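A.B. asks: Chains as they are written, first to last, in the numbering used here: chain A, 50 to 368; chain B, 50 to 368; chain C, 80 to 386; chain D, 9 to 271; chain E, 9 to 271.
Think of the hints as simulated: they come from the structure by calculation, not from any bench.
Here the structure is a predicted model, which means the values were calculated and not measured.
Where is the CB? At the ideal position from N, CA and C, for every residue including glycine.
Be a bit skeptical, because a hint or two may be false.
Here are the simulated lysine-lysine pairs, DSSO-like style, with alpha carbons at most 30 Å apart [as the list claims (entries may be wrong)]:
id : chain 1 : residue 1 : chain 2 : residue 2
1  : C       : LYS293    : B       : LYS132
2  : C       : LYS158    : A       : LYS132
3  : D       : LYS194    : E       : LYS237
4  : C       : LYS318    : C       : LYS297
Covered stretches of chain D (chain A as the covering partner; in silico rule of three or more C-beta atoms under 8 Å from a C-beta of chain A) [what the hints assert, rightly or not]:
id : segment
5  : 80-89
6  : 97-110
7  : 122-132
Going by beta-carbon spacing under 10 Å, a handful of chain A positions derived as facing chain D [as the list claims (entries may be wrong)]:
id : residue
8  : LYS132
9  : ALA141
10 : PRO142
11 : CYS147
12 : GLY150
13 : LYS167
14 : PHE231
15 : HIS241
16 : VAL255
17 : ILE355
18 : THR358
19 : GLN361
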Amino acid sequence: MSSFKDRLPPISQMGPFIALAIACAVFGMTTDNFFTGANFALILQQVMVVGVIAIGQTLVILTAGIDLSCGMVMALGSIVMTKFAVEMGMPAPLAILCGIGVTAGFGLINGLLVTRIKLPSFIVTLGTMNIAFAITQLYSEAQTVSNLPPFMTALGGTFDIAGTPISYGTILMILLYLGAWFWLRETASGRHVYAVGNSPEATRLVGIPTDRVLLGVYVLAGVFYGIASLLLVARTEVGDPNAGQTENLDAITAVVLGGTSLFGGRGMILGSLIGAIVVGVLRNGLTLMGVSSVYQVLITGILVIIAVTVDQLSRKGAR
Amino acid sequence: MSSFKDRLPPISQMGPFIALAIACAVFGMTTDNFFTGANFALILQQVMVVGVIAIGQTLVILTAGIDLSCGMVMALGSIVMTKFAVEMGMPAPLAILCGIGVTAGFGLINGLLVTRIKLPSFIVTLGTMNIAFAITQLYSEAQTVSNLPPFMTALGGTFDIAGTPISYGTILMILLYLGAWFWLRETASGRHVYAVGNSPEATRLVGIPTDRVLLGVYVLAGVFYGIASLLLVARTEVGDPNAGQTENLDAITAVVLGGTSLFGGRGMILGSLIGAIVVGVLRNGLTLMGVSSVYQVLITGILVIIAVTVDQLSRKGAR
Amino acid sequence: AEPVIGLITKTETNPFFVKMKEGAQAEAKKLGAKLMTAAGKKDGDTAAQITAIENMVTAGAKTILITSSGDAIIPAVKKAQAKGVQVIALDSPFEGADALFATDNYKAGILIGQYAKAALGGKPAKIAMLDLFPGHPVGAQRHNGFMTGFGLKANDAKSNELSSTPETVCAADTDGNQAKGQTAMENCLQKDPAINVVYTINEPAAAGAYNALKKAGKEKDVIIVSVDGGCAGVADVGKGVIAATSQQYPLKMAAMGVAAGVEYAKGGKKATGYVDTGVTLIAAKAVPGVESKDVKVGTELCWGDKK
Amino acid sequence: MSTSHKLVMQAKGLVKRYGQVTALDGADFELRAGEILAVIGDNGAGKSSLIKALSGATIPDEGEIFLDGQKIHFNTPIDARRAGIECCYQDLAVAPAMTITENLFLGREMRREGFLGNTLRMLDKKKMLEIAVQRMADLKVGIRSMTQAVETLSGGQRQCVAVARAAAFAQHVVILDEPTAALGVKEGNMVLELIRRVRDKGLPVILISHNMPHVFEIADRIHIARLGKRACVVNPKTISMSDTVAVMTGARDPATLPAECLA
Amino acid sequence: MSTSHKLVMQAKGLVKRYGQVTALDGADFELRAGEILAVIGDNGAGKSSLIKALSGATIPDEGEIFLDGQKIHFNTPIDARRAGIECCYQDLAVAPAMTITENLFLGREMRREGFLGNTLRMLDKKKMLEIAVQRMADLKVGIRSMTQAVETLSGGQRQCVAVARAAAFAQHVVILDEPTAALGVKEGNMVLELIRRVRDKGLPVILISHNMPHVFEIADRIHIARLGKRACVVNPKTISMSDTVAVMTGARDPATLPAECLA
Ligand SMILES: Nc1ncnc2c1ncn2[C@@H]1O[C@H](COP(=O)(O)OP(=O)(O)OP(=O)(O)O)[C@@H](O)[C@H]1O
Ligand SMILES: Nc1ncnc2c1ncn2[C@@H]1O[C@H](COP(=O)(O)OP(=O)(O)OP(=O)(O)O)[C@@H](O)[C@H]1O
Ligand SMILES: [Mg+2]
Ligand SMILES: [Mg+2]
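All chains, full assembly: derive it from the sequences and hints.
C.D. replies: Below, the structure written as structure tokens:
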């Protein structure tokens, strides 16, 4: 009943992996430095912020919503935690919790507007995106916050495995993915996230408190954005009021590349990790190839389409 | 059977108007110059580009898609038409047609990828957005194109009605909206757009060529982006390679504010016009109030949420 | 092997950075170096710049030239430097760069402020400020510099906040974009039709502002000043669209940076210190008490094409 | 017949309006302990609207509902579920992309024992699968794999999933809205069998059906809905099928029925 | 009985697999001119899969289909529609947010006369509304407003919309997949009436139904589907209902039926 083959994800969910494999093969052949452990470790480091945001974004998208505020909320979180620690002299762990508290608070606001007033998530998060951006600018006075306590940047540190420096943040990201994967797959509340996205009315009628599920998802997403704030701070060693401008599109791209449907209820969280890595690999590989940046944009556009096309055709083949 | 009351849109579709009325009332009370004919004429001029893009975007969203490429494709169109006219010396009408041809071509590519390979529109248009951007930059060498033939900027001209200067572009925009409205409401092919968005499977099963409907919608959207290119050129009197960066979010916002569902099949085109005007009114009114720019962002965020909340609550009241 | 030099600009959509890239490419070709380029998606996209730094280090760049989008790149720069990479700031200063080849944006603002004040000739000022977008240091420096030059009370060069006084009757963001500049100016004219001075963040915004004024029939009565001195901008000065602009020299910055990179690769030492690549006020009509160059000079110098 | 029966559910004067359409127009309702109550009526008579009001799926505009004599107010289906009422809706209320097992246990998932279940709250997928196989086998519906998504099932198979769910978890009342509409002869009989088993456990069942032979075979009383109201309640043992249909379609005034036909 | 009948549709050895599930396993099919052919079978027997293959909704993996003796290959429902085949699917295939009238005329809209219609291609909404009112009145289903969205209809009313559409536009063959499943006694009879009218116009009808009395009342021949194949075709005038059910459920081997029962 549960042979090994049954446990493998169906071929329809392998698309993102195929896209990743193809991208890697191309870069491996055209550049010298691509296929090194150090380079892969670097790519993982580069994608960890978007990767963790993408966890929250995946949850929201699984419920058939979308969160445009994720990048700006993350930026606000990083400003709050760094300013609290540096300027108010708060102990770093507490400051971090405050930052995560703020991002979770934004999640709560998003969730309340979506569940209580039944507003479309697109508009709600467009509004809170602007609000978070403005608060970030006002509160930081558009100044970068530096001289952070070491505790706050500890996750940016690395340890060596076979001479390859792996950052703690990367490990944290992978653990968060595994946790989210376990939750979505193995627990009732995780399955309810899928159910709400798949058929909100049916889920309501069987007596699941759909509003509570949704609210929980938005708050949880906020917590993930808070953790992403911390990773960003650890990676850049500053609190940057300019952060978060491109992360929201990057995160949504990662989720969609990873095979999650924007209509909700279908998808898998590990795909988002692969999607984030695909985005990072493209950026890294093209720079290593010495492609100039306008051409990078062009090629990224083309490769993104090719990646999903390959994915789609491989599914057709499997049918 | 068709009394006047029957012909009024149901209250559930009046939300955007209410939001607009509220925004106008607030600005009317807090500033001196808001409630003047000239100011309204100005706002209409300012929204005409986003307004026309929003027509194309509405069509795509009605089919349960989304078009992220709209702004960049429009920018490419304006560069093509201006460069063809100025540098290749092509007659202006022909150059304009070439520009529109390019935008329609992008629509065709989007449409083919969506219908033939069944890719999600989000990813397809994300890819073509990057491609259009890169081509724009490469082809224009990031240089503004000026000294345009007068024919190309004629739509930017104005005529007076009761002392208020009305631009031809505004009139064109309104005519396009009326045309799109007529098409969507009164013709079979227009109704099929709704049907495809509402239930693609049912539409396919009753024997409507859904792929052809979708392809048509994407190409038509491309044509609207091309007309928007012309309006942009007419308004600014240059071909600007930096255009189009914020128009896609603005246009989607206008559509969603206008009450069209991102899940497809429900909405009305005139709502998008109102949505675009709401966006323009906010920007205009806040500048008139002398609100500084960070606070403008903050207040825009809050007002967008209030607008849809009012909308939503007014619908509940109507039930 | 030929030395590898990286150039990271804020974006690739601004002609200023495009010119900078061209200058770097030309110089690299001349000196036999390999140039890699990268840019953010938009101004302020520090994340992309950090990623680009890391990728260029991996790709073996020994010198990285960067127009910083924000101080968030500093730690990444330090990490690169720790690996022996020379990092040179172009155009936008940041702490810890080995060297800075740049224009002083605050000074650029002061020059056009002084010019506008003199050109207005004692009439009461009603100024429209067409800014970049919130929170951008260059935007703040030019804005506050302009006000200082105009004799208004304003923040100093280090502040990222935009000052305002009763004379600045209107302020709006343009994203440095022509269409948005036009919209902003139109709205400002609604607010106060008597505006007689317009500060603009860059020349596309100035062109947009001029368009709006022309449509309102006011282009003759208003002084538009701007910053950048690109060839198109200087041409606009010649046409009377812009009264005066502060010219900068991106090609020069880039060429100097590439040369420093080649020097370092050849076993030379790292470049150090601040080299002011200079600001020149270009105006069609000189005004008494403010030194300026005419359009002809401006065209010859535009962005340092002909050094 | 005797009025001494304990009333499990009761509703008085329920009204539900949708815009100009009045779906319920002062409907009354009574469900006795341990009985199978059939609800019949023309299309659009308000049967589904009635049971949606009873199960908390919609909130009636007017009227009162009593459960075991207590006045209650269900705001959501959650409240009804807490009170032990399970409902199989006409449009099935299944999550199409999820598997049969998941749909069967949606909202009633079983957790593993011990640490994995209590602390990690891990689902016991194996046990749920076993039970699901068992339940579907009871209905004799030939489904090949329980890990198939419900959207890949045939119409009748899908209906079996929804019926099995309602029957499995009810503690107090089972409501079935046209549970046999899409079922074949054999499967339909299995569902009738299942309904009897539920009743024999002591739970009352509300059965909406258009299948008169089924209704007359199984119902203890028949509630006839007409134009948003209850026309009357009849006794299938004493009334003929044709009289029942006549009342249902409005061809006969219920007041003209002999007293012994009423229940 | 006589084999001289003209075959309108014919299929040989249709196979349709979904992953491990084989929905059709070499099914044959024959529809004669002017007849009402009932298709019956257990849930999951492959009835819907069969008619989906006949109407172009799915493409069979193997097998051949003939229309009027010509081998055809429907790639999409559009091809079938062009050939004059109309189908009412089990899951109804309606656009929920659109009105009843719009759904009835979806893909078959009527245009105004003259300039408005020919050049502006304007719809004749008034005429379509009138016809829609007429069609729904034929089915005696009490729908109050034709401009109601289909999603606000009761289950049976929705089914009437889908049935009326298929019957209205067919030129060649009408296929109805469980058209009376959600219908009340009166409405169900109206649909049977409608089917007879269609047949009397000379169009053959394929009727899938689980309602044996209906099937025996109206069918000229009965195709029994079993496990993805055609078990046999029987004659309702000579076979008993219980024998039919026995074959359908597999309790009786069709080979043991007396020859006069087969058709
Ligand atoms: N959400 C809604 N909006 C508008 N009208 C509705 C809605 N739900 C039901 N109605 C209307 O209320 C009436 C009663 O519907 P209901 O579903 O209760 O009928 P029913 O007796 O269950 O019929 P059926 O046997 O066809 O299932 C119908 O006329 C229907 O059109
Ligand atoms: N898209 C699909 N994917 C996987 N399996 C499918 C799919 N469609 C149908 N099946 C399977 O094929 C078999 C036949 O289904 P079909 O719908 O033809 O049955 P049916 O005879 O119409 O049954 P019913 O009387 O319940 O409507 C079923 O076991 C079903 O699970
Ligand atoms: Mg019903
Ligand atoms: Mg079926």
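A.B. asks: Would you mind marking each hint as holding or not holding in the structure?
C.D. replies: Status of each hint after checking the structure:
Between the alpha carbons of LYS293(C) and LYS132(B) the distance comes to roughly 24 Å, so the proposed pair stays at or under 30 Å and holds. Taken as a hint, the LYS158(C) and LYS132(A) pair is honoured in the structure, with Cα atoms around 23 Å apart against an allowance of 30 Å. With a C-alpha separation of about 18 Å, the suggested pairing of LYS194(D) with LYS237(E) holds against the 30 Å cut-off. Taking the CA atoms of LYS318(C) and LYS297(C), the gap is near 16 Å; set against the 30 Å cutoff, the hint holds.
A count of 5 residues in the segment 80-89 of chain D with a Cβ less than 8 Å from any Cβ of chain A is obtained; the coverage claim is therefore met, three being the minimum. Counting residues of the segment 97-110 of chain D whose CB lies closer than 8 Å to any CB of chain A gives 9, which reaches the minimum of 3, so the coverage claim holds. Beta-carbon proximity to chain A at under 8 Å applies to 4 residues in the segment 122-132 of chain D; the threshold of 3 is reached and the given coverage holds. A distance limit of 10 Å between C-beta atoms decides the matter here; for LYS132(A) the minimum to chain D is near 37 Å, and the interface restraint is violated.
Interface restraint check for ALA141(A): the shortest CB-CB distance to chain D comes to about 29 Å, outside 10 Å, so the restraint is violated. Below 10 Å, beta-carbon pairs count as interface contacts, and PRO142(A) has none with chain D, the closest being about 25 Å; its hint is therefore violated. Annotation: interface hint on CYS147(A) violated; nearest CB of chain D at approximately 28 Å, more than 10 Å. Checking GLY150(A) against chain D: minimum C-beta separation of about 24 Å lies over 10 Å; hint violated.
Given hint, LYS167(A) at the interface with chain D, is violated; its Cβ is 14 Å from that chain's nearest Cβ, farther than 10 Å. A least Cβ separation of about 8 Å between PHE231(A) and chain D falls short of the 10 Å threshold, and the interface hint therefore holds. Interface restraint check: HIS241(A) against chain D, minimum CB-CB distance 8 Å, threshold 10 Å, status holds. With a cut of 10 Å, the hint placing VAL255(A) at the interface with chain D holds, because the nearest CB-to-CB distance is about 5 Å.
Checking ILE355(A) against chain D: minimum C-beta separation of about 27 Å lies over 10 Å; hint violated. The criterion of a C-beta within 10 Å of any C-beta in chain D is not met by THR358(A), whose closest approach is roughly 23 Å, and the hint is violated. For GLN361(A), the suggested interface contact is broken, since its CB lies about 18 Å from the closest CB of chain D, more than 10 Å.
The structure is inconsistent with the numbered hints 8, 9, 10, 11, 12, 13, 17, 18 and 19, although it conforms to all the rest.
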